[in-house]
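Visitor: What follows is the residue order along each chain.
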Amino acid sequence: MGWKRKDLLGMQDLDASEITDVLDTAVSMKEIASREIKKVPTLRGKTVVNLFYESSTRTRTSFEIAGKWLSADVINFSASGSSADKGESLLDTARNIEAMSPDVVVVRHKASGAPALLARHLRCGVVNAGDGAHEHPTQALLDLMTIREKKGHLEGLNVTIVGDVTHSRVARSDIFGMRKMGITVTVAGPPTLIPAQCQELGVKVSHRLDEAIASADVIMMLRLQHERMEGGFIPSIREYSRVWGLTLARLKPCRPDVLIMHPGPVNRGVELSPEVADSPFSVILDQVGNGVAVRMAVLYLLAGSKGRA
Amino acid sequence: MSLLIRNGRVVDPAGGTDALADVWIAEGRIQKVGRGLKAPPGAEVVDATGKVVCPGFIDMHVHLREPGFEYKETIASGTRAAAAGGFTAVACMANTFPVNDNRAVTDYILARAKVEGVVRVYPIGAVTRNLEGTQLAEMAEQAEAGCVAFSDDGKCVMNAELYRRAMEYALPFGTPIISHAEDCDLAHGALMNEGLVATELGLSGQPGAAEDVMVARDIILAELTGAHLHVAHISTASAVRMVREARARGVRVTAEVTPHHLLLTDEAVRSYDPNCKMAPPLRTKRDVEACLEGLIDGTIDCVATDHAPHATSEKEGEFAEAANGVVGLETAVPLLLDRLVRPGVVDLPTLVARLSTGPARLLNLPGGSLAPGAAADVTILDLEQAWTVDPAAFCSRSRNTPFAGFSGHGRPWMTVVGGVKVTP
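If you read the sequences in order, they're chains P and X.
Numbered by my numbering, the letters in the first sequence go through residues 1 to 309 in order.
Numbered by my numbering, the letters in the second sequence go through residues 1 to 424 in order.
Among the clues, some could well be false.
In silico lysine to any residue, SDA-like type, Cα no more than 20 Å apart, as pairs [said to hold, decoys possible]: (1) LYS421(X) - THR49(X); (2) LYS110(P) - ALA190(X); (3) LYS150(P) - ILE65(P); (4) LYS421(X) - GLY28(X); (5) LYS30(P) - LYS252(P); (6) LYS30(P) - ASP13(P); (7) LYS204(P) - LEU196(X); (8) LYS285(X) - ALA196(P); (9) LYS38(P) - ARG60(P); (10) LYS110(P) - GLU314(X); (11) LYS6(P) - SER271(X); (12) LYS110(P) - HIS188(X); (13) LYS155(X) - ALA190(X); (14) LYS4(P) - LEU122(P); (15) LYS110(P) - ALA320(X); (16) LYS110(P) - ARG29(X); (17) LYS51(X) - LEU20(X); (18) LYS110(P) - SER89(P); (19) LYS68(P) - ARG35(P); (20) LYS285(X) - ARG164(X); (21) LYS150(P) - GLY289(P); (22) LYS114(X) - THR423(X); (23) LYS150(P) - PRO256(P); (24) LYS285(X) - GLU200(P); (25) LYS110(P) - GLY419(X); (26) LYS38(X) - GLY419(X); (27) LYS110(P) - GLY317(X); (28) LYS110(P) - THR93(P); (29) LYS421(X) - LYS155(X); (30) LYS110(P) - SER271(X); (31) LYS110(P) - THR284(X); (32) LYS38(P) - SER56(P); (33) LYS110(P) - GLY189(X); (34) LYS30(P) - ARG44(P); (35) LYS38(P) - ILE65(P); (36) LYS252(P) - VAL283(P); (37) LYS110(P) - THR423(X); (38) LYS285(X) - LEU201(P); (39) LYS110(P) - LYS38(X); (40) LYS110(P) - ARG60(P).
Everything labelled a hint here was simulated from the structure, so no lab data went into it.
Could you build the full structure based on these sequences and the hints that come with them?
Guide: This is the structure we're talking about:
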């Protein structure tokens, strides 16, 4: 295994062979998840701290299950009801946690760059579980795993990411990771939700949904945050849904083997019609399942492989 | 007290001088500049062979933080930093606590400066009460008390009508209105410049247009009122172009640029180092080039540091949470000498003019010249001395610089204020 990193901060840092390493490791982890007794002793005696400054159910639970199936001790530290409420700085909280000698700290924070800050100050491994609008690397890895599983390969595929790219860390991690794996990425959304100079990330930008999804192998629908209206990014949820929502009718001219993905949680009837979310095209629940496998792989690579005792 | 600075290269842009000469100072004034001056009895002789003797440098944009934020900086520490950085005078912004929006605060600053100041301190008064942008500050009394300009720096006065009135009201004082040009709606929530770097980092960006629309508005208001508008910390190519065009039309508009906007781009933010967070934000290469061009052709009258000290605790955490601003007094001159003058981007007399004559003229200050009779404020440079920026060694109380570890050649060697050596 070629893994040499102390931390997993973003897909932008990884090269294609590292991404493939994680995906291959995740595939073997997935086998564990299919067993009746889902527990291996790989990380016995290791401690994983979930340091979540933003609410999260799926990601936190996914990391927790991943750690537990590998026999690590998983401690959940959420910002509410903790010292963060008493005005302790992120760095001080982190230093205190480090004093308890964890092996990996999994951090989610609303500030872009917060995991990088922790990684600079902590000796233990740091996993970015989502920072602001920056990156969410394990989401991108589980997306890549799901696509590879369904399509058999990654290179040469067309993926279209639809929605609020500006505020999406998932979009950024997907773009960085997919580009490295030889995927052609198109982002589509109203111009107000496409970040400045986005095409310089190596993606095509489209402002017409039907055009953008016509030849896609995968359509990744992003969640629309309701507060985007107050920011003046869109006039109304109603109009957004009419123009950018994916329905079965709009899927008709698409490839018959198109995959519909969503990082969750889904706003049914906003970005996805319920019929699409529940259609055979949808692999949203496969994504969730693969999330555990990917996080097992990441925890294993950071805490378990070669002598990181 | 009499001082003879002997055999230095005297660069005095006001008089068009760039030649080897001696400078004789007595009674706080320049007495004579010429070759082979005899040391008068009792005069202290400074051998400036190989050094450059300039009119004292003036930083027209600093935050001394006193009163109210003495944990960041005080008038004593800030003026020590100024002297160490080669500045003989500073103009200090009004965003203290309480705000310098009335005579009592102005008097307090000047009184503290008299007791503890190492260099000259010129207060800048607020344009609006408590910097709230709703009601004019008592500018007449403040001008009487010694404010040399008016500014809500750190905040933009969004109400154009009120700003127009401020410009008119200040006309009789002959003081510029200094504009912090940043449309706060366009800049809403932004942490850095909008562009590829912000997109990659997932940090919200403000477009250069946030500055440009305000510079445009303020130029139009200056044209309407005949006021002297000074654009603080100009940072975009468009703003430089608009100032250039307005001046050509005869509008009374001047501008300053900071060393960090001349030397860094938004690429520096990639590290999420909070010391790269300031307002206006670091811009693009194109903007930096335009600012340099403006500095050279005189569209930009002066370099000012926007010295903005903050405690370490305010600058070490999440980028989004960090305070805006960087210190600059102790790094400006060395950086400009090494990065601009040494490679020949800017010639030395031009840089000296932007650091002395420029600010002195636009604020109507004594100094900025080595002509006989002028205040004896002198900055002497050593163009060869090597340096490395070590924040721990700053005289400032704060360490928030994006230039830590930078090294180069050329730095201030001696600072003379009113005929008195204040450093070394």
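Visitor: Hint by hint, say whether it matches the structure.
Guide: Comparing the hints with the structure gives:
{"no.": "1", "hint": "LYS421(X) - THR49(X)", "verdict": "holds (17 Å)"}
{"no.": "2", "hint": "LYS110(P) - ALA190(X)", "verdict": "holds (14 Å)"}
{"no.": "3", "hint": "LYS150(P) - ILE65(P)", "verdict": "violated (24 Å)"}
{"no.": "4", "hint": "LYS421(X) - GLY28(X)", "verdict": "holds (11 Å)"}
{"no.": "5", "hint": "LYS30(P) - LYS252(P)", "verdict": "violated (33 Å)"}
{"no.": "6", "hint": "LYS30(P) - ASP13(P)", "verdict": "violated (25 Å)"}
{"no.": "7", "hint": "LYS204(P) - LEU196(X)", "verdict": "holds (15 Å)"}
{"no.": "8", "hint": "LYS285(X) - ALA196(P)", "verdict": "holds (16 Å)"}
{"no.": "9", "hint": "LYS38(P) - ARG60(P)", "verdict": "holds (18 Å)"}
{"no.": "10", "hint": "LYS110(P) - GLU314(X)", "verdict": "holds (18 Å)"}
{"no.": "11", "hint": "LYS6(P) - SER271(X)", "verdict": "holds (17 Å)"}
{"no.": "12", "hint": "LYS110(P) - HIS188(X)", "verdict": "holds (17 Å)"}
{"no.": "13", "hint": "LYS155(X) - ALA190(X)", "verdict": "holds (14 Å)"}
{"no.": "14", "hint": "LYS4(P) - LEU122(P)", "verdict": "holds (17 Å)"}
{"no.": "15", "hint": "LYS110(P) - ALA320(X)", "verdict": "holds (9 Å)"}
{"no.": "16", "hint": "LYS110(P) - ARG29(X)", "verdict": "violated (58 Å)"}
{"no.": "17", "hint": "LYS51(X) - LEU20(X)", "verdict": "holds (10 Å)"}
{"no.": "18", "hint": "LYS110(P) - SER89(P)", "verdict": "holds (14 Å)"}
{"no.": "19", "hint": "LYS68(P) - ARG35(P)", "verdict": "holds (14 Å)"}
{"no.": "20", "hint": "LYS285(X) - ARG164(X)", "verdict": "violated (33 Å)"}
{"no.": "21", "hint": "LYS150(P) - GLY289(P)", "verdict": "holds (14 Å)"}
{"no.": "22", "hint": "LYS114(X) - THR423(X)", "verdict": "holds (18 Å)"}
{"no.": "23", "hint": "LYS150(P) - PRO256(P)", "verdict": "holds (14 Å)"}
{"no.": "24", "hint": "LYS285(X) - GLU200(P)", "verdict": "holds (16 Å)"}
{"no.": "25", "hint": "LYS110(P) - GLY419(X)", "verdict": "violated (54 Å)"}
{"no.": "26", "hint": "LYS38(X) - GLY419(X)", "verdict": "holds (18 Å)"}
{"no.": "27", "hint": "LYS110(P) - GLY317(X)", "verdict": "holds (13 Å)"}
{"no.": "28", "hint": "LYS110(P) - THR93(P)", "verdict": "holds (16 Å)"}
{"no.": "29", "hint": "LYS421(X) - LYS155(X)", "verdict": "violated (36 Å)"}
{"no.": "30", "hint": "LYS110(P) - SER271(X)", "verdict": "holds (17 Å)"}
{"no.": "31", "hint": "LYS110(P) - THR284(X)", "verdict": "violated (26 Å)"}
{"no.": "32", "hint": "LYS38(P) - SER56(P)", "verdict": "violated (24 Å)"}
{"no.": "33", "hint": "LYS110(P) - GLY189(X)", "verdict": "holds (14 Å)"}
{"no.": "34", "hint": "LYS30(P) - ARG44(P)", "verdict": "holds (19 Å)"}
{"no.": "35", "hint": "LYS38(P) - ILE65(P)", "verdict": "holds (10 Å)"}
{"no.": "36", "hint": "LYS252(P) - VAL283(P)", "verdict": "holds (18 Å)"}
{"no.": "37", "hint": "LYS110(P) - THR423(X)", "verdict": "violated (46 Å)"}
{"no.": "38", "hint": "LYS285(X) - LEU201(P)", "verdict": "holds (18 Å)"}
{"no.": "39", "hint": "LYS110(P) - LYS38(X)", "verdict": "violated (69 Å)"}
{"no.": "40", "hint": "LYS110(P) - ARG60(P)", "verdict": "holds (15 Å)"}
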